[in-house]
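Participant: As a plain string of letters, each chain reads:
Protein chains: 2
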Amino acid sequence: MSFLWEDKIRVVEPYTPGEQPQKNNVIKLNTNENPYGPSDEIKKIINNLSADDFRKYPDPTSESLVSELAAFHNVDKSRVFVGVGSDDVLAVSFLTFFNSDKPILFADITYSFYPVWADLFKVPYKVCKLDDDFRIKTEDYLTDNGGVIIANPNAPTGIYFDKSEIIKILEYNKSSIVIIDEAYIDFAEDGSSCIDLIDRYDNLLITRTFSKSRSLAGLRIGYAIGNEALIKYMNDVKYSFNSYTMNYAALTLGSAVIKDNDYFENVISKIKATRERFSQELQDRGFKVLPSSTNFVFACHEKYSAEEIFNAAKKKQIYFRFFKQSRIDNFLRITIGKDEEMDEVIRFLDSYIK
Amino acid sequence: MSFLWEDKIRVVEPYTPGEQPQKNNVIKLNTNENPYGPSDEIKKIINNLSADDFRKYPDPTSESLVSELAAFHNVDKSRVFVGVGSDDVLAVSFLTFFNSDKPILFADITYSFYPVWADLFKVPYKVCKLDDDFRIKTEDYLTDNGGVIIANPNAPTGIYFDKSEIIKILEYNKSSIVIIDEAYIDFAEDGSSCIDLIDRYDNLLITRTFSKSRSLAGLRIGYAIGNEALIKYMNDVKYSFNSYTMNYAALTLGSAVIKDNDYFENVISKIKATRERFSQELQDRGFKVLPSSTNFVFACHEKYSAEEIFNAAKKKQIYFRFFKQSRIDNFLRITIGKDEEMDEVIRFLDSYIK
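These protein sequence lines map, in sequence, to chains B and S. My numbering puts the first sequence at residues 27 to 380. My numbering puts the second sequence at residues 27 to 380.
Isolated chain B (complex conformation) (with noise of 0.2 Å):
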């Protein structure tokens, strides 16, 4: 069927989230979601929140969450912007800097999002292949672009690129904005974030989201760190796409999470503890796992196929991602929950791979 109206259609091909399965009883590792839920105290919250403060918009500026966020990470509130998860503000960002004729930079292996904005917004791109280790090759990003995205660490390989490299990618670019998408960097080392440079550079951009290691992906939160020129650019493009973003329960309760802060270390620990335990495991039946900085592992077996496991784990309601993709399609993408589920997971393998 066609309509008289299709030609002032954009057309586009979106971006395929993880299933969520909304049945109960499934293992489910396939969306890098946090085992542990929010702390007690969150909950307290959750059942307090004030039904009358529903009726009224909410505070288009999220001065509550921006405030904690910028006390959190020591800087001014004019250096942080909120959205409805970091893709929300990753869409924002690629609609406020990425406005060139030339290309935009990116990873051939990393979070596959980041050509469907480009397509979605006609912003050319050029992909950049890392090694044949899964590493990114500096040099590649020193070169004429309209803009650099960079996962780091890199989803869905879980490895981290030194901010030694970084440096040096900021350092040549000064006259584009260089978007360092810190997803799952609680999972790395302290230190690694490229937070504290955002002082030395005013290109760098920084997101991050609450869906990981905060344990709140089902509130939609994201945010962005960077100089206050780049977030008042954001948040002109943001107040004239959608004022009024963040509902009065993200709000709330984004806020008290970040005050949370000794249970989401906790939860962090465990989960790198697992992390260790369960790529151990792997590589003693054959997995070659890539070193890991997040809260997954990317693992391909020697013998058997990424795509054959990931198919019969499903049928035993468990969950994992898989990738049809050139370079990364005998992988798996596990994501790390609890102990339990881990070794369930693992008994599952031992039966598999007999």
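If you're looking for bench data, these hints aren't it; they were derived computationally from the structure. Here the structure is a predicted model, which means the values were calculated and not measured. Heads up, some of the hints might be wrong.
Repeated chains share a single entry, so a pair holds when one copy, or any two copies, can fit it.
Unchecked claim - Cut-off 27 Å, straight-line C-alpha distance, at most; resulting in silico cross-link-like pairs (BS3-like, lysine-lysine):
no., residue 1, residue 2
1, Lys285, Lys340
2, Lys82, Lys54
3, Lys82, Lys69
4, Lys148, Lys258
5, Lys82, Lys70
6, Lys128, Lys148
7, Lys350, Lys329
8, Lys285, Lys82
9, Lys82, Lys296
10, Lys200, Lys155
11, Lys314, Lys258
12, Lys155, Lys364
13, Lys285, Lys296
14, Lys103, Lys329
15, Lys298, Lys82
16, Lys103, Lys49
17, Lys342, Lys364
18, Lys70, Lys258
19, Lys148, Lys340
20, Lys258, Lys49
21, Lys285, Lys200
22, Lys258, Lys342
23, Lys49, Lys285
24, Lys70, Lys54
25, Lys340, Lys82
26, Lys148, Lys296
27, Lys364, Lys82
Assemble chain S onto chain B, guided by the hints.
Facilitator: For chain S alone, coordinates are given in the frame of chain B:
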């Protein structure tokens, strides 16, 4: 200060939302919120939200909410799109449907976000002047264009545009998308919505919001209803911008509120009754009041300046909306609050207009 990267920025003049004073004890009649909070039923659901469900990504398809809306409007689920307030829905609509070199058409006096979205996405537009009674002239829209958007009832005028005139516009514009923004339609007469026309016109999109009649501005829910092909194109764009826009609270409460229709009908009746009484009170005091089909009135006084009344009211903690815009810069837009709030407004006016 200037930056080396500034040539790559999308520089826009953002929309300015109505003020959201964070203090209590104000009479807030500036953003057309509903003075009656959510029902007791909804309050119960709010206080029983499951904290653990915030850990997981929400359903990206918003199935529960979409199903309830489809059932309520008696349309197929494939004809419903949901977003973070109708601003989000409209932003996605502009991006999806207005991609022509020909100008889109909208009124000179209407929702002031339309030109902002057009500028953001570089959509050419032509404003069509309302007549001297602030009514739409149908013939202005019977001309070659890149799309049409009409707020009905219109804001800030509050005036309803007859459905038979919209049909003429739809008939003429079969090769453009025509958006009817029905944010305020629940305060107009029964049967005045254009939703029943979607079977006849595959180029018609209706947008709606939970922020006015449904008392949930703080939850951020809007939706669109139209031909399944339109909705599919919008969803492709939405999934190319942000897969998970609706958080767990919005999905859970949004679905429940649709079922809570008796409460909602009752609230609307009360607001309409207050509107009629208040309009009369204003007229008794020398105001000209445009006929309102919304939850606000648009009024100008024969002797006193709107801007001065606006400022004087604000000093008394009464917030109206004033637009410093040609043709309407002697009008006040006053949201219909509770009866006691409108009585307070009348007392203020009586003291001001001596």
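Participant: If a hint holds in the structure, say so; if it does not, say that too.
Facilitator: Going through the hints against the structure:
In this homomeric assembly, Lys285 and Lys340 never come within 27 Å of each other (Cα to Cα): the closest approach is 38 Å inside a single copy and 35 Å across copies. Taking the shortest alpha-carbon separations for Lys82 and Lys54, only the inter-copy value of 10 Å comes in at or below 27 Å, while the best intra-copy value is 36 Å. When the C-alpha separation of Lys82 and Lys69 is checked against a cutoff of 27 Å, the pair qualifies both within a copy, at 23 Å, and between copies, at 15 Å. Proximity of Lys148 and Lys258 under a CA criterion of 27 Å is satisfied in both settings, with 23 Å inside one chain copy and 20 Å between copies.
With identical chains, the CA atoms of Lys82 and Lys70 are at most 27 Å apart both within one copy (22 Å) and between copies (18 Å). Proximity of Lys128 and Lys148 under a CA criterion of 27 Å is satisfied in both settings, with 12 Å inside one chain copy and 19 Å between copies. For the identical chains of this complex, Lys350 and Lys329 are intra-copy neighbours only, at 18 Å inside a copy versus 71 Å across copies, given an alpha-carbon limit of 27 Å. In the homo-oligomer, the alpha carbons of Lys285 and Lys82 lie at most 27 Å apart both inside one protomer (25 Å) and across protomers (21 Å), since each shortest distance falls under that limit.
For a Cα distance limit of 27 Å, the shortest separation of Lys82 from Lys296 across copies, 18 Å, qualifies, whereas the shortest one inside one copy, 39 Å, does not. Taking CA atoms no more than 27 Å apart as the test, Lys200 paired with Lys155 passes inside one copy only; the shortest distance there is 23 Å, against 46 Å between copies. Taking the shortest Cα distances, Lys314 and Lys258 never come within 27 Å of each other, neither inside one copy (45 Å) nor across copies (41 Å). For the homomeric pair Lys155 and Lys364, neither the shortest alpha-carbon distance inside one copy (34 Å) nor that between copies (62 Å) is at most 27 Å.
In this assembly of identical chains, Lys285 and Lys296 lie within 27 Å of each other by CA distance solely inside one copy; the values are 20 Å within and 42 Å between copies. Taking identical chains as interchangeable, the C-alpha atoms of Lys103 and Lys329 are never at most 27 Å apart, the minima being 52 Å within one chain and 45 Å between chains. Only between protomers do Lys298 and Lys82 lie at most 27 Å apart by alpha-carbon distance; the minimum there is 19 Å, versus 41 Å within a single protomer. Taking the shortest Cα distances, Lys103 and Lys49 sit within 27 Å of each other only across copies (21 Å), while inside one copy they are farther apart (41 Å).
When the C-alpha separation of Lys342 and Lys364 is checked against a cutoff of 27 Å, the pair qualifies only within one copy, where the shortest distance is 17 Å, while the shortest distance between copies is 57 Å. With identical chains, the CA atoms of Lys70 and Lys258 are never at most 27 Å apart, being 35 Å at best within one copy and 39 Å at best between copies. Taking the shortest Cα distances, Lys148 and Lys340 never come within 27 Å of each other, neither inside one copy (36 Å) nor across copies (45 Å). For the identical chains of this complex, Lys258 and Lys49 are inter-copy neighbours only, at 25 Å across copies versus 42 Å inside a copy, given an alpha-carbon limit of 27 Å.
Proximity of Lys285 to Lys200 under the C-alpha cut-off of 27 Å is found in neither arrangement, the shortest distances being 35 Å within a copy and 54 Å between copies. In this assembly of identical chains, the alpha carbons of Lys258 and Lys342 never lie at most 27 Å apart, being 49 Å within a copy and 33 Å across copies at closest. For a Cα distance limit of 27 Å, the shortest separation of Lys49 from Lys285 across copies, 23 Å, qualifies, whereas the shortest one inside one copy, 33 Å, does not. Only within a single protomer do Lys70 and Lys54 lie at most 27 Å apart by alpha-carbon distance; the minimum there is 26 Å, versus 30 Å between protomers.
In this assembly of identical chains, the alpha carbons of Lys340 and Lys82 lie at most 27 Å apart only when taken from different copies (18 Å versus 44 Å within one copy). Taking the shortest Cα distances, Lys148 and Lys296 never come within 27 Å of each other, neither inside one copy (42 Å) nor across copies (48 Å). Proximity of Lys364 to Lys82 under the C-alpha cut-off of 27 Å is restricted to the inter-copy arrangement: shortest distance 14 Å between copies versus 39 Å within a copy.
When the structure is compared with the earlier hints, violations turn up for hints 1, 11, 12, 14, 18, 19, 21, 22 and 26 and for no others.
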